[in-house]
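Single-letter residue listing:
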Amino acid sequence: MKLASYLVNGRPAFGRVEGNGAVTLSDRIEGRSITLKDALAEEGLLDELLNLAAGAEPDMSLDGLKYLPVITDPGKILCVGINYRSHAAEHGGAVAERPNIFTKFTDCLVAHDGEMWRPKASKQLDFEGELVVVIGKGGRAIPAKDALSHVAGYTCFCDGSVRDFIKVSLVTGKNFPATSPLGPWMVTADEIPDPSKLTLTTRLNGQQMQHSGVDMLMHDIPALIEYCSTFTPLAPGDIIATGTPEGIGAKRNPQVWMKNGDVLEVEISSIGTLRNRIIDEA
Amino acid sequence: MTATRLTSFSIHGRTSFGAVTGAGMVDLGGRLGGKYASLLSLIQAGEAGLKDARAASAFPFADYRLDEIEFLRPVLFPEKIVCVGINYPERSAEYKDGREKPKYPNLFVRFPDSLVGHNQALVRPKASEKFDYEGEIVLVVGKGGRNVPRDQALSMLWGMTLGNEGTLRDWLRHGSLNVTQGKNFDASGSLGPWIVPADEVNPGAPLHLMTRVNGELRQDDNTERLTWDFSWLLNYITQFATLKPGDLIFTGTPVGAGGHQTPPAWLKPGDVLEVEVPELGVLRNTVVDET
Chain S
23 MKLASYLVNG RPAFGRVEGN GAVTLSDRIE GRSITLKDAL AEEGLLDELL
73 NLAAGAEPDM SLDGLKYLPV ITDPGKILCV GINYRSHAAE HGGAVAERPN
123 IFTKFTDCLV AHDGEMWRPK ASKQLDFEGE LVVVIGKGGR AIPAKDALSH
173 VAGYTCFCDG SVRDFIKVSL VTGKNFPATS PLGPWMVTAD EIPDPSKLTL
223 TTRLNGQQMQ HSGVDMLMHD IPALIEYCST FTPLAPGDII ATGTPEGIGA
273 KRNPQVWMKN GDVLEVEISS IGTLRNRIID EA
Chain Y
36 MTATRLTSFS IHGRTSFGAV TGAGMVDLGG RLGGKYASLL SLIQAGEAGL
86 KDARAASAFP FADYRLDEIE FLRPVLFPEK IVCVGINYPE RSAEYKDGRE
136 KPKYPNLFVR FPDSLVGHNQ ALVRPKASEK FDYEGEIVLV VGKGGRNVPR
186 DQALSMLWGM TLGNEGTLRD WLRHGSLNVT QGKNFDASGS LGPWIVPADE
236 VNPGAPLHLM TRVNGELRQD DNTERLTWDF SWLLNYITQF ATLKPGDLIF
286 TGTPVGAGGH QTPPAWLKPG DVLEVEVPEL GVLRNTVVDE T
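Line order of the protein sequences matches chains S and Y. Okay, so the first sequence: first residue is 23 according to my numbering, each after it adds one. Okay, so the second sequence: first residue is 36 according to my numbering, each after it adds one.
A portion of the hints provided could be inaccurate.
Listed below are several chain S residues computed to face chain Y (Cβ distance under 7 angstroms; list not exhaustive) [what the hints assert, rightly or not]:
(1) LYS98
(2) GLY103
(3) THR125
(4) SER191
Everything labelled a hint here was simulated from the structure, so no lab data went into it. Predicted, not measured: the structure shown is a model, and the values here were computed from it. For glycine and all other residues, C-beta sits at the position ideal for the given N, C-alpha and C.
In isolation and in its complexed conformation, chain S is listed as follows (with noise of 0.2 angstroms):
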């Protein structure tokens, strides 16, 4: 099943992605207005409103469709630095023991046809393609054998980089408003049994920059759930980026900036393609 989120007359929705269309659940219980987080953190509501739906027509048309983040509003976004071999050999760098873990701010994302923004600041925005963890089942101190089990779904991401300002603390560089697109849906976890059997491939304008299988993560999904929950409680809908392959514009020769007018692409096989222009913040 794929869950997106997308907007309503302008108001925040979400539904199940049915062909081209969406059968929206959030508005199927008289007087709530519920988010795919709210469906994911509430037993049982998520059924619930799917059987309502039972049925259904898409109302939606994904044509001309207005999307949101998958998960608009995630109590935390979690990102692993530097966890595949392949990107960690670009680096100069060896296995490391332990994943980099930082952080990004709900205002860095993006939707998925939504805009990113090349920002002022900086001509070194760069992309990084990634896989996204959501987290259904909350939890602390969650053991890897268990871990996927607390998993929603899976969905596709951009780490969009600011290498300029990373160079001084990641932090700056990685929390530029609206350069982190998120989607374009959540494909839940019964249809996704083995995450490392997915392949991942970003286009810059259509040319492949990054192509690699999950398998080649150095911190796979069960450990990475694991490492973070031994520090920070998980909830539902929080969301961990898994790191990035080979192929990050600034290691190349020349090196490759985003600039105003290109368009990206991160395709992962059994989810979709997540799609964004890219233009000067105003």
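Since chain S is already given, all that's left is putting chain Y on it; use the hints.
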């Protein structure tokens, strides 16, 4: 006159916010009739919110005794918590990492649930014994903005409070790029006891910052000596991020953290940590082991 002192608190399982006066806790959530859902929404209301808070707490009686209520983080769920690494002199020398005085500060981010309120327990996790404190002054943003010039930056502030930027020193070194995990253990830091509005304590004036463990003075410095002062930090942070009302800036700690004592003095269960700036108050927390 006592400064206005505003914080969130809980009473009998109900969460509210209020003003701490000589008489106790004035429940502003109740007295303002639910006009503001939280202290954050009062901050978002700008000067009108502060005016309402002052008017409603200008009585010689309170709603609760301070020993009845539980202090919570003054701002429960700020959108952004930005923290500054080394920001007082001699700290780089203390770290002995051979770094020249850097041109820009090291920044990192904390999750709200890594911070407890005044008098709430600081939790030493099972995962590490290298539990350390960092006393700091915390700025509370009132007026949001992006690319705010330095000469206007202090006017963004709604107020100031105190913070203990609790740190697990060994987990700080897990990532080669940053310090996220060692700075984000659940309930490892603290914030409070309350916010004093910026029109009552000048953020540009020198402030004397002290940290004590079991009464022993461990950190002792003055904001006159900040490497990057408050206006510089606000200008710099708004170059990359949009600050919003209620956002918090932890402005960095002086020398004297426990991990840099010889031998290292890690926090252990029963220890009492105090962070003080005379104009802002004393933030006090006791350490317990994770259960």
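Tested hints:
1. For the restraint placing LYS98 (chain S) at the interface with chain Y, the shortest Cβ-Cβ distance is roughly 6 angstroms, inside the 7 angstroms limit, so the hint holds.
2. The interface hint given for GLY103 (chain S) is met, as the beta carbon of that residue sits about 5 angstroms from the closest beta carbon of chain Y, less than 7 angstroms.
3. A distance limit of 7 angstroms between C-beta atoms decides the matter here; for THR125 (chain S) the minimum to chain Y is near 5 angstroms, and the interface restraint holds.
4. Taking 7 angstroms as the C-beta cut-off, the interface hint given for SER191 (chain S) holds, the closest approach to chain Y being about 5 angstroms.
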